[in-house]
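Please model the entire structure based on the sequences and the hints provided.
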Amino acid sequence: MLRFVARRFFETIPVLVIIATVTFLMMRLAPGGPFDLEKQPSPEILARMKAHYGLDKPLWEQYLLQMKHLLAGDLGPSSKYPSRSVNEIIADAFPVSLELGCEAMAVALLLGLMAGMVAALRQNTFWDHAPMSLAMLGLCVPTFVMGPLLISAFALHLDWCNAAGWFFPRDRVLPALTLGAYYAAYIARLARGGLLEVLRQDFIRTAQAKGAGGARILFRHALRGGMLPVVSFLGPAIAGLLTGSFVVETIFGIPGLGRFFVTAAFNRDYCMIMGSVLFYAAFVIAMNLVVDIALVWLNPKLRFE
Amino acid sequence: MTVRGASLVQIVLSLGLLLSCGCGHRQTLVQIANRAGQYRVANGDEPSDLDPQIAIGQVEHDIMLSLYEGLVYGDAKDVSPRPGVAESWDISPDGLVYTFHLRHNARWSNGEPVTARDFYQSYHRMLMPSLGAQYSYMLYPVTNAEAFNTNKITDFSQVGFKVLDDHTLQLTLHSPAPYLLSMMVHDSWFPVPVATIQKFGAIDDRANPWTRPEHFVGNGPFVLKEWRMNSHILVVKSPTYWDAEHVKLNSVYFDPEESYDTQERMFRSGQVHTIRQAPQSKVAFYRKYKPQLINIYPELTTYFYRFNVTRPPLNDKRVRLALAMAIDRRAITETVSRAGEIPAFCLTPPNTAGYTAAARLREDVPQARRLLAKAGYPEGKNFPNVTLLYNTMQSHKAIAEAVQEMWDKNLNIHVALHNEEWKVYLDAMRNTNYDICRAGWSADYIDVGTFLDVFISGGGNNDTGWSNPEYDRLCALAASTGEQAARYAAFQKAEAILMDEMPLIPIYIYSNPRLIQPCVKGWYPNLLDCPNYRSIYLAPQTN
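If you read the protein sequences in the order shown, they are chains A and B. Residues in the first sequence are numbered consecutively from 585, following this note's numbering. Residues in the second sequence are numbered consecutively from 458, following this note's numbering.
Treat the hints with caution; some may be incorrect.
Stated by the list, open to error - Restricting the straight-line Cα-Cα distance to at most 25 Å, the calculated cross-link-like pairs of lysine to any residue (SDA-like) are:
hint	chain 1	residue 1	chain 2	residue 2
1	B	609	A	664
2	A	623	B	595
3	A	634	B	604
4	A	634	B	911
5	B	609	A	619
6	A	623	B	945
7	A	634	B	682
8	B	705	B	916
9	A	634	A	846
10	A	623	B	916
11	B	950	B	850
12	A	623	B	887
13	A	623	B	766
14	A	664	B	945
15	B	609	A	846
16	B	950	B	979
17	B	705	B	717
None of these hints come from the bench; they were simulated from the model. Just so it is clear, the structure is predicted and the values come from calculations on it, not from any experiment.
So, in structure tokens, the structure goes:
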């Protein structure tokens, strides 16, 4: 397993270099720059600011310089927030996005797995149709509709929580529900499918014949196999929860990284764009690795190859 | 097979319970804040910095007004200059020498006195070419300030700032500027704590972290206590401020929420006292059903369309005039933008520091048709392809569509619409790579010069390719006259040229549909939308 992890780690380096290079080229090809403002500063001032961020050098030199800094772990200064470094901004904002992501994932797993299990065990009854219809709804309603609807109901009419903000534990509930709903729906359908397939297999019938109880069969025998599709889905789901949190962060006024990720592009904040893209890339790669390890652990037919 | 699993209904119910636990009828944050004397503001965006010599936007400006005080400050009602750190000033008869007498009890938040030397050093820093301060031109009326800022001279003692003693500062101007005191209300004239800045890095380093709450030193009525990016900024009353006894608020809380819709929801759920701008779609609702919560007032900002006068057919003045005359501005403000904007028939907003333009564009469709015919496009025939560019935003799109339809109906010409993301749009405008483009211009201080100077030949923000020697001469004349009447006479002639040559189409003067709770007292609408935190107080009973 160590060899597997080490190999994956070394494969990551060229991937990140390619991502950094493509990002560099794309952001430099986009028209406009960080200091284009409605009120244009004088040419002298503009030249000074460009010099401060090294933007006056030839492009290839800027590329090499940025790569050198990146290798040293220095993501550079933010041109939008002059007194802050990108490292600092990410260190500040990412824990918030991570917390939101984990809570949304908890919502997704809790709701999704329960609904999936109930539906699989009570196939073709009300307890199958009701959660699966809800799940279909969850898949169809986008977060920018779901968020304001939940706020309207729980914050503005029932007055149970704030309409936006990230201060009290109760501020977490609506954003986590909004962000987690889509994934809960997806997981419910995957879990139902996975479980139905496993429940029809011979070893389950054997267990039943041996007189094992329903709960024992479900949790001890069926769940492990039934969860495989869900676990494979977790890799992309985690990536989606983290990068997709931009909309939810905006709707609920949450100080996470998702907003920087998007606004950096609008601001042409070059170091911030590069920093957040690479950070997310590395994070998603790491999560996929964790999922791969989990899959091998769950499925005895797979090996670390 | 039977499994006792929790039903979905139970899960939903328990989640609801979790959400509602300990709730019942909550007290809103505004109610709590009213008792604590905290004014809560949705400020519109995360400030880029709180260094008044580096930050440039309105968002930063609104926070910095609480943290610093210049020699003068803007009156709560009309932003006219009032004695700030300077308790009085003398102006020489020729209008060239200003002598400011500083208060002896003005203090920084670290307890040190605010002296004339502090202002001198601050203006030195502002003008250092190496700092690259974008608003350094605000100091250009002072002798040699521009030369020093652009590296033509390197000896700061040649610039017209002079410390006469600890509490007397003298400014010498190269030519009279009757608007100087109005200009000095702006952030670029605030003092900065040079000794503190030097403690945390080079004086001219843009990345100097001295504005962090743990390092911060200011001289305003409030001092920076907390700053968490994209979360909030909290400023608390400064005990060292010279007029602290008249400051009624204990703290001001700035929420950087960007989305207008989210801000409006925060306002409705009682999280903030005020939001700068109601979402456009909600303005009509508030005006009709909640007029006590909305305050609509004009701002010194003009919405207009630029022409690229270097491209045919727009290089023909008659075509430009025809296009400008064939727009129904009232229809736009009343049925499209609908937030109380004022239709504009010239570039400058009416009654700007006593100036109202005499030259006015006339909306006249028959005349527009005649002009178009004279230019060679009778009934709009053979009119070349022209594109109207705007930055991607629903409100700009709606206006562009209305204008497109008016031109189609009134002149029988079809103009294509094209939208671009903000920076791409700016890039196209800068390089005059467009036919017609949407634009806005707002004043930094109350004076018409800030509008008319934009269109001088080769001006950095002209962006139309238009130039007129007589116009340049009149603007230069206005800049060198100390007599306000003579300045305005020159500006009147200049604006008449602008409205005759029409390198731009004025559309409307912006208005600000601010939502504000009735419990906020001592707040006044003004042309620069400049809040005065000293006059604001909260009346808890009314909420």
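Hint-by-hint comparison with the structure:
1. A hinted pair counts as satisfied when its Cα atoms are at most 25 Å apart, and residue 609 of chain B with residue 664 of chain A does not qualify at roughly 29 Å.
2. Straight-line distance between C-alpha atoms of residue 623 of chain A and residue 595 of chain B comes to about 13 Å, which keeps the hinted pair within the 25 Å bound.
3. For the hint linking residue 634 of chain A to residue 604 of chain B, the alpha-carbon distance of about 21 Å falls within 25 Å, and the restraint holds.
4. A distance of roughly 24 Å separates the Cα atoms of residue 634 of chain A and residue 911 of chain B; the hinted pair therefore holds under the 25 Å criterion.
5. Restraint check for residue 609 of chain B and residue 619 of chain A: satisfied, since their Cα atoms lie roughly 24 Å apart, inside the 25 Å limit.
6. For the suggested pair residue 623 of chain A and residue 945 of chain B, the alpha carbons sit about 24 Å apart, so the restraint of at most 25 Å is met.
7. Of the supplied pair hints, the one linking residue 634 of chain A and residue 682 of chain B is violated, its CA atoms being roughly 32 Å apart against a limit of 25 Å.
8. For the given pair, residue 705 of chain B sits about 44 Å from residue 916 of chain B by alpha-carbon distance, which is inconsistent with the 25 Å threshold.
9. A hinted pair counts as satisfied when its Cα atoms are at most 25 Å apart, and residue 634 of chain A with residue 846 of chain A qualifies at roughly 23 Å.
10. With a C-alpha separation of about 11 Å, the suggested pairing of residue 623 of chain A with residue 916 of chain B holds against the 25 Å cut-off.
11. Between the alpha carbons of residue 950 of chain B and residue 850 of chain B the distance comes to roughly 35 Å, so the proposed pair goes past 25 Å and is violated.
12. With a CA separation close to 10 Å, the supplied pair residue 623 of chain A and residue 887 of chain B stays within the 25 Å bound.
13. Distance check on the hinted pair: residue 623 of chain A and residue 766 of chain B sit about 20 Å apart at the alpha-carbon level, within 25 Å; holds.
14. Taking the CA atoms of residue 664 of chain A and residue 945 of chain B, the gap is about 38 Å. The hint is violated against a cut of 25 Å.
15. The hinted pair formed by residue 609 of chain B and residue 846 of chain A fails the criterion: a straight-line CA distance of about 41 Å is larger than 25 Å.
16. Between residue 950 of chain B and residue 979 of chain B, the direct Cα distance comes to roughly 40 Å. Violation of the 25 Å bound is thereby established for this hinted pair.
17. Under the criterion of a C-alpha separation no larger than 25 Å, the hint pairing residue 705 of chain B with residue 717 of chain B is inconsistent with the structure, at around 29 Å.
Going down the numbered hints, you'll see the structure goes against 1, 7, 8, 11, 14, 15, 16, 17, while the others check out.
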